[in-house]
Every structure is written in C-alpha cells, then in structure tokens.
Amino acid sequence: MISRRDLLKVAGAAAAGAASPLERSDAPHSPSTPAPHPTSHDRQSSARRPLEALTADEADLLTAIVARLIPSDESGPGAVEAGAVHYIDRSLAGPLAPSRDAYRGGLAALERYAVSSRGRPFRELSPTDQDSLLIDLETGGATGSGAGFDGSSAAFFALIKAHTWQGTFGDPYYGGNQGFVGWDLLGYPGVRTAVVPDDQRLGTKPVPLRRSAYDSDMFNKA
Amino acid sequence: MAQTLKGTDVVIIGLGAAGGIACLPLAEAGLQVIGLEAGTWLTRRDFAPDEIRNNVRDWPQAVQKANHEVPTHRVSATAPTTRASSHPMMNGVGGTTLHYWAQSWRLNPWDFKVVSETTRRYGRTRVPAGSTVEDWPFGYEELEPYYDKIEWETGVSGKAGNLKGTPDLRGNVFEGPRQREYPMPPLRGTGFTDLMGAAARGLGWRPFPGPAQINSRTFQDRSPCMYHGYCNRGGCHVDAKNGTNVTTIPRGQKTGRFSVVTRAHVTGVDVDARGRASAVRYVTDGEEFVQPARVVLLAAYTYENARLLLLSKSKAFPNGLSNNHGQVGRHYFSHTTGASVTALFPFDLNTWYGLPAQGVAVDDWADDNFDHAGLDFIGGGNLWVYSDRRPIQAANMNTFGRAPGWGAQWKAFVRQHADRANTAYLQKTTLPYEDNYLDLDPLVKDPLGFPVLRITADYRDNERRIGTFIQDKMEAWYRAAGATDIIRGPLGTMGLNTHAYGGTRMGDNPEANVVNRWGFSHEVPNLGILGGSVMGTSGAHNPTLTLQALAWRTADHLVRNWKSIAE
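Sequence order for the protein chains is E and C.
Using this note's numbering, the letters of the first sequence correspond one by one to residues 1 to 222.
Using this note's numbering, the letters of the second sequence correspond one by one to residues 1 to 567.
Hint data in this document are derived by calculation from the structure and do not stem from the laboratory.
C-beta: ideal position from N, C-alpha, C; glycine also.
Treat each hint with caution, since some may be false.
[What the hints assert, rightly or not] Computed from the model, here is a short list of chain C residues facing chain E with C-beta under 7 Å:
(1) Pro49
(2) Asn350
(3) Trp352
[Claimed, not checked] In silico SDA-like pairs for lysine to any residue, Cα to Cα no more than 25 Å straight-line:
(4) C:Lys159 / E:Val196
(5) E:Lys161 / C:Lys159
(6) E:Lys161 / C:Ile487
(7) E:Lys161 / C:Thr82
Please put together the full structure from these sequences, using the hints given.
Next comes the structure, spelled out in structure tokens:
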C-alpha cells in the first residue's frame, strides 16, 4: 500500500506548484481582512432592531443563550454579533411561524428551570452555570423539574441551535450573518456565480467575497 | 361539478425526469400530447445560490404538493408508524431534475440478471431468502440504444470506460459496452478529487470521473457548469444542468403538439366500461377538470405512481387501477445510501465550491465486479467522493469527538476544521423483499382528504452486510488519502428516499408484475407507467438515466404500436 507521505507528495505535485497539504496544515487560518469585533454588550444594549415576533424579555434571554452557543471571544465575534436573534425573530414572524409557540413555551420553561435548579434567572448566572444548564437542556436532563418543557428540553435545544446556526451561517439576506461573521469564522470564501479551476485547487484560498446572493438583481428574492 | 375538457391522444401525469422525457418522442411522432404538472415553471432567476432557501426551507417558492402528502413509514407491519416532515422530491416543470445531483449512470449488465447470474456463478442459494428479485425481462443490450439516446438528447458529461468492448481506464471499465463516447468530456477534477484518485490508484483500484447530466462545455446552446457550489438541492442559474425543464420539454413544445398544463393536481385515472383508461382527473385552485385521452402515461414519482393507482378504484378495478393481481405496491425498495463514512483530514480540502456530480468514483466493489465466492452477500456499492460544501452544512459538521457541539471549544474546532471533512456518497445494491411494500395509510390524509401512501419496509441481512463491507473499503480509501479520523454512520431504515423503486414493477409475468416489458399495464393496455417504480433492481448507481431510457423506450413502443394500444 502506498504510504500517506508518498500520496501527499503526489497531491502536492498534482496541485502544480501549490504548497503541499502537509505544509499548509500548519498555516494560520485567518480571514484576510478581519472585521472589527464588537462585544455582545455593545450590540445588545444599543442597536437592537425592532422586534417582530419575540417580546423584549424573550429576545434578551435568547440573546444570552446564543451568546453561549457561539460565543464572542478573542478568536472573533459570535452568534450575537452575527444577528442570530434578529434572524430568529424575523423568521418567527414569517416562515418559522409554526415554531413561535415552541419559543414562547420553551423560553419560559428554561427560565423556570434556571430558577428551580440554579436559584436565579438564566441571564444572572455565571457563564459556567449557563453552560451547564444548557447541557441539561441539550441532553434532555431539564425535564422533571417542574420546568414544563413541551415535550423534551432536548428538542427545544435542538430547535434553538438549528435556528442559531441558520442565523449565523446563512445568507445575510435573512437578517443573520451580519458583517459575514459566520462565513469568516468558517473560512467560507463566499457566494460566487462562477468558480474557476484555481478556486478548487489544494493549497489555494479564494479571496473572500462578502456579499449576499441577492445583492445583484440576478435572482428573484425568496 | 367537474369540467370535461377536449380529448387528446396522450396525457402524461407528471413532467419530471420520466414524463418530461416521454413527451418529446411522442410529440415528434405527430401525437397530440398534454402534460399535467402539479408545479409551475421555474427559471434560472429562481435559482439563487441560497442555502437557506434550497437546503433549509425546501424551496418555498415552488408548489408544495409533495410536501403535503409525505408518505408514512414503518419498518414492519407491527412497528410504529412515523412521518418525515418534508418530501425529498419537488413539484415543478422538470420535477426533481430541477434540483437533483444529476449523476447520470447506466446500470451494470449484472443488474438486469441478478438471479440468473448469481445462480450461474455462485448457486441459487446465494439469492437472499425472502427476496422477490427477478431478472429483468431483457438485458442491458436492449436498453443500450436508449441510454445512448438520453445521453445525447439531454447532454451527459463523462468518459467511456468500455467502448464497444474495448476497456479504457480513464472511464469505468466495469460498465457495459457502449456504442459511442459521451457527448461531452467529464466535469473537471479538483485538487481534492485528484488527491482521492491518486489514493485509489495507490490501492490498486480503478478510479474515474462519474457521468453527469450537466454541461462540461457549451451544449445545445446552453452554458457550461459554473461549479458554484449550490447545485445540491439547487437549480442551475445558467441552465447547465440538463433537467427536462431545459431539454426535452421545451423541445416537445416546439413541435406545436405538446401542451404543458401547470398547477394540475392529479387525483385519479378514470376507466371506461371496458376497463380501459379513459381520462385523468385533476384539480386546479379547487376546480376539478377531467382530461380524456386515448392513452394515459403515469409518470409521477414512485410513491405517487402507486398511490394514484390505489386511489383510482372502479367496478373493474375495486382494489385500485391495474391491481387485480394485487401487485401494485409490491417489490418496493429504496436505495441503501446510509452506512455513511465521513473523514477528517489534517489539511484544508478546498471543497467549498463544486457540485455533487463533480467527483471521483470507484466501482471495483460494486455489483458483481469482484468475486463473492467467500462472501455472505451479493451485490456491492459505488464509492463516490465529490466537492460540495456549504456554510450551514459545514457548521453542522461532526466534531469527531474532538470538541462538543457548541461553545468556545466548538468554535475553535470549526475555525480550524470547517474545510477539512468529507463524506462519501455510497450507493449500494438493494433488493425487494416479500414483506416490504407500499399501501395507503389508514389514518393520515392529504389536504384534499385522500390517504397518503404508507411505506412498510426495512433492510435485510444482504443490505446490512454490504453496508459494513463498503464502509471498510471507503475507510481504507480515505486513510490512503491522508485522513486521520473516520466516523461511520448508521445504516438507517428503508424510508422515504429519492431513489425509490418498485410498486409497479416491470416483468413478463402478470402474477408478479404490474407492467409488461414495454412499460404498459398487464391489466389496462392503454396505461403506461414511467419512472423508478417499474425498476426491479437498483444496482449501485443513481436511477435517473435508467428510468429516462425506459421512458423513451416506452414512448417509442407506443409510437410504433399506436393503433393496437390506443385502438
């Protein structure tokens, strides 16, 4: 059997002068033009957009939750800065309307569970306690405490997580991924309508394009 | 009160992969053809590179018929019934060829003769007990001219591996002999697929680029592929994907003899006093229409083909149209594509762009391409690795036990690894079994009040053993290419699938098959059935090209025998 090292040599040669995968694996993975990183506090207190579906209390609680799911840290901004809560709020007033009741009931249950199990509301808990509470939720362990999750707390956690990921990594057209926070986090080089061979070679990194699919008038809006 | 429309020669139910093909040879032959399609026309402007719309929200801009009649599923007649939240197929002119992957394979000659070839090579006892598999009523060579026809009429990119019996290692040397090359060269390779190809050759395997119903260069005045990464459940923004919406349907319309009726929600097929199909009923915006025709071609998807027959009850057919032998819904199976393999590499793969049809295949472990004498199963799997990754999908990647699923550690993990994982697409031989079938659900109804279909089906030992065998091969391939971590997915169950077969199987024996070797009902001579529902074996490859070749052949047969079929 051919060894991995031999194979990587072949790959390096095939990439026609590009750096070999082994060399590349040590290269830092950073966006070429890092965006400024506002902290969650800046964003939360000053610039919330008018709510369309959530109440202010629900939006505050959800903001605190998504801040733990994809936190803002020294490596860059997270779900709060991406506007994941704005995405969820807007979507709950539209295509995700069938989930509106799940949010209303689930967020209230989460708050009851925070008080009954940790002694205070979620937003007043330390980040460590918030994380351990979210793990209870994720694993379905937050049931049976009088919290009253409709079904399993795991289902509610999965719902919030799925929508937070959509609101962080989806097209900015839907209100999330503001400043392309999510795409920069992944190193996704952006929506292109034409991709050339060099964009698909090993050892290359296409220049990130920061634009929505709907920035041009090429496409009908959703 | 239903409004009865002016009669026509042929009415086609469903303008997708199959019905969208049949319209062309019929209209070209001079027949008057009406196509009833539940969805609407969509154009390249509707196909934005938008993961939320395509992959998360299931095309909200399209007619939502299929999503309102999702079949239920249970693994056995005594198991609980579940129902998926959405349907994998879509409604629109062109059907699921709008957003499918467009992998465009021929079946292997072995797939037409599973019973006789297995018996000849290994003995009759090696055909799994309980399977209702039969040889097809004809061999690969009968379908070859129709494969060729579809490849050239719609446009398929690929590389021949067996040109008139001469093998060519640049293509699939295991394919049946073909009379000529593909009309276009294969889609281009990528750094990652080149790496995987080299690894396969290092293992002594024979990798090759797969065939795709997508333009690798300008074809029929339409653009080549732009490789932009939104083809997976996405329509093509430059019309390079050769769905029937941009190929055979518009050309059928140009004859002046083919009319497309959109937003036609078909509810049943009527029969006359002689038990012949006489008309098709459909509803548009709450208004009911009856479209009389001399010949009816049923070309909805596999599930809907069976359901419409079962719903079309009459004095002559009290258990559903063409079901007096009780074969509608039997011999159902769906392709085993579970038992996945996902690999993590220690370097970026740059797979953000591309498409599921831009990849590298290995068929050394498919069909009967290897000796099964010492093995405990028949058949095998196609190994397929491709370049296709979108941001929400990547952010949901498996963390390989190296990080939790959210939080700061997760964030650090995806920051480094978002472009370092790859999941293979592994299609595996799947057989029909006595206890696997389709019928009407006794409880769940669609918005018009008609029962939805119920799938009762699960895999058996043959599928389970292939699953493990193929995972072993795929893991070896990924590791040979430098992968450090491997995760194997579960096999799953035989539920709702984009590769669904049977229910109206083709065969000479009316006791075991719904349609004859030409695709016409044994019981209703002027009713033809098109689609994967007539296929009795799956092989290890996507069904679309085969069901399109069959559709053209059925239409061809109708044209040549118009008088005897239409009377």
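Comparing the hints with the structure gives:
Given hint, proline 49 of chain C at the interface with chain E, holds; its Cβ is 5 Å from that chain's nearest Cβ, closer than 7 Å. Taking 7 Å as the C-beta contact cut-off toward chain E, the hint placing asparagine 350 of chain C at the interface holds, the least distance being around 6 Å. Given the 7 Å rule on beta carbons, the hint for tryptophan 352 of chain C holds: about 6 Å separates it from the nearest Cβ of chain E. The straight-line distance between the Cα atoms of lysine 159 of chain C and valine 196 of chain E is roughly 21 Å, inside the 25 Å bound, and the hint therefore holds.
Restraint check for lysine 161 of chain E and lysine 159 of chain C: not satisfied, since their Cα atoms lie roughly 43 Å apart, outside the 25 Å limit. For the hint linking lysine 161 of chain E to isoleucine 487 of chain C, the alpha-carbon distance of about 22 Å falls within 25 Å, and the restraint holds. Proximity of lysine 161 of chain E to threonine 82 of chain C is assessed by CA-CA distance (about 24 Å); at most 25 Å being required, the pair is judged to hold.
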